[in-house]
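J.: Okay, here's what each chain looks like letter by letter:
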Amino acid sequence: MATRNGPLSLLFHALFILFILAPIIMVCAVSFTPLGYISLPTTGLSLRHFREIAQNPEFIQAIWFSLGLGTLSATLATTLSLPGAMAIARNRFRGREALLAFLMSPLLVPSVVLGLAFLRFFTSVGLAGTFIGLVIAHVIIIMPYALRLVLASATGIDPMLERAALSLGASAWTAFRRVVLPLVMPGVISGWVIAFITSFDELTMSIFIASPSTTTLPVRIFLHIQDTIDPMVTAVSALLIFVTAIAVFILDRIVGLETLFVGKGR
Amino acid sequence: MNARANPWLLSTPALLVYAVFLIAPLLMVFVISFYDFKFMGGMQPTFIWKNYIQVFSDHYYHQIFLRTYGVAILVTLACAVLGTFEAYVLSRMRNPWKGLFLMVVLGPLLTSVVVRTLGWALLFGSTGLISKTLMAVGLASRPVSLMYTDLGMGIALTHVLVPFMVISVWASLQRINPATEAAALSLGASQFTVMRRVIVPQIVPGILSGSIMVFAMAASAFATPAIIAGRRLQTVATAAYDEFLNTLNWPLGAALAVLLLISMVIVLLAANRVVERRYGAIFN
Chain E
1 MATRNGPLSL LFHALFILFI LAPIIMVCAV SFTPLGYISL PTTGLSLRHF REIAQNPEFI
61 QAIWFSLGLG TLSATLATTL SLPGAMAIAR NRFRGREALL AFLMSPLLVP SVVLGLAFLR
121 FFTSVGLAGT FIGLVIAHVI IIMPYALRLV LASATGIDPM LERAALSLGA SAWTAFRRVV
181 LPLVMPGVIS GWVIAFITSF DELTMSIFIA SPSTTTLPVR IFLHIQDTID PMVTAVSALL
241 IFVTAIAVFI LDRIVGLETL FVGKGR
Chain G
1 MNARANPWLL STPALLVYAV FLIAPLLMVF VISFYDFKFM GGMQPTFIWK NYIQVFSDHY
61 YHQIFLRTYG VAILVTLACA VLGTFEAYVL SRMRNPWKGL FLMVVLGPLL TSVVVRTLGW
121 ALLFGSTGLI SKTLMAVGLA SRPVSLMYTD LGMGIALTHV LVPFMVISVW ASLQRINPAT
181 EAAALSLGAS QFTVMRRVIV PQIVPGILSG SIMVFAMAAS AFATPAIIAG RRLQTVATAA
241 YDEFLNTLNW PLGAALAVLL LISMVIVLLA ANRVVERRYG AIFN
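These protein sequences, in sequence, are chains E and G. Quick note on the numbering used here: the first sequence kicks off at 1 and runs consecutively. Quick note on the numbering used here: the second sequence kicks off at 1 and runs consecutively.
Just so you know, these hints were derived from the structure itself, not from any lab. Here a beta-carbon is modelled for each residue, glycine too, at the ideal position from N, C-alpha and C. There may be inaccurate statements among the hints.
[As the list claims (entries may be wrong)] Covered stretches of chain G, going by a simulated chain E footprint (3 or more residues, C-beta under 8 Å):
| id | region |
| --- | --- |
| 1 | 23 to 35 |
| 2 | 103 to 111 |
[As the list claims (entries may be wrong)] Estimated spans, in silico, between C-beta atoms of each pair:
| id | chain 1 | residue 1 | chain 2 | residue 2 | range |
| --- | --- | --- | --- | --- | --- |
| 3 | G | LEU151 | E | ASP230 | 19 to 29 Å |
| 4 | E | LEU223 | G | LEU248 | 15 to 25 Å |
| 5 | G | TRP8 | E | LEU8 | 46 to 56 Å |
| 6 | G | ALA182 | E | SER105 | 36 to 46 Å |
| 7 | E | ARG94 | G | ILE266 | 22 to 32 Å |
| 8 | E | GLN226 | G | LYS50 | 22 to 32 Å |
Extracted from the complex, chain E is given alone in its bound form:
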């Protein structure tokens, strides 16, 4: 835009950024304390609380569990939403808007309501506290994210390209595999990534259906915080912040955060 920000705007901006970063910086700072209790590291920096994580089987198990759960659910959600997203992106038909709204509807139901709904449902079909139950629940809530990104990239594909392949004698399957699929691939990959992150971060719904043997990392952190806030739990959180920061940087380079959140290209 034509004008630049005045000093007051920039002051507001500085305070806003401080507000956004303060709790995140706080978690990271405390995690480096050399002392055994919550304090800002004033006497020196130490990695002892990060080493403690490695010796804590509960957290290590939860990290692996969340990674596995996220990978499987994101893959299932992306696969299940791909055909529907392609169809919605490339056709105009009766009920298209309604179908899309229905497929996005899990976003509208509060996670608490979904959590107790799944607890009730899984208890009555014998899936309560199982890995399969968690996968199903996660697939439901991350599907809208996967769908939205696949849809965004499928909408931009020129239908002529597929028609050209068909007219040159390719079978429908070959045309899809060799022409259409490579073109939607960026959407599929970014959809998978955002679905994975959403699953990996999910707390509210998982806390209802997790059992001691199927505890995700956010649930483990939450239960720990309810009990006690110690430097080790800040170290686990700091670790998550570092990994997310790297992921944000890479995602911004590859697809652009605007595309990820606003849903259109730069």
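Fit chain G to the known structure of chain E by using the hints.
T.: Same frame as chain E, now just chain G:
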């Protein structure tokens, strides 16, 4: 696979999964909210309004609903003011600053809410940085704790949800023709007048849709209230959680969940109607 095949057929996998694993569980919650509960014997399948009557007649639950919606409204207002202004400031920045700060503002959305709330719990405690700073500058004579307060919960929720407002307003700012602002300035309008008379009217749809989103998420938030407000200050979400996992009174918990869902749907539909009637032309 031909993408031009029947779109309903292609959506079957997703639709089937939804029908079995989304619709059925939600219906079951609705059904058990009419069940009876006995401390000896648990849930009794029947059809009674007992749970709803209890929520509507008990002062304890009135307070919980009032707190939940009161905090949600204040958080929405705070997000609307802060998020709108920040999106405006961001949109007037140049790259690389614009890209960098957009990343800083939106990045936290990809970190678990638990982690972000933990940061506030560290800041809010009576030995936390906020308390120490207030004492150092002389604004407080004794340690101040924002833990287990509505204010603390409101601040942390605003932090968690304000990025959504920034995104929403940002998206509608992108559609503004910068020439309108330049025209107003060249005709002698002050910067404040430009903001009030030219920019804000054009981004009202963005602010409203962002507010709807923030309100819905604030009213149903669980992690932040549970960690910051604790057991003493219940919200509808944490109360439903307690009924389900501590008291084991599932019918009552289900009734709370159904009421949360219904009241939210009503608010959202009403807000949507207002937005569409007033600003339908701008949205389309």
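J.: Now look at each hint and say whether the structure bears it out.
T.: Against the structure, the hints come out as follows:
1. 23 to 35: holds (count 6)
2. 103 to 111: Held - the region 103 to 111 of chain G has 9 residues with a Cβ nearer than 8 Å to chain E, which meets the minimum of three.
3. G:LEU151 - E:ASP230: 19 to 29 Å: holds (26 Å)
4. E:LEU223 - G:LEU248: 15 to 25 Å: holds (18 Å)
5. G:TRP8 - E:LEU8: 46 to 56 Å: Given about 55 Å between the Cβ atoms, the range holds.
6. G:ALA182 - E:SER105: 36 to 46 Å: holds (42 Å)
7. E:ARG94 - G:ILE266: 22 to 32 Å: Holds, since ARG94 (chain E) and ILE266 (chain G) (Cβ atoms, about 29 Å apart) stay within the stated range.
8. E:GLN226 - G:LYS50: 22 to 32 Å: 31 Å Cβ-Cβ, so the 22 to 32 Å window holds.
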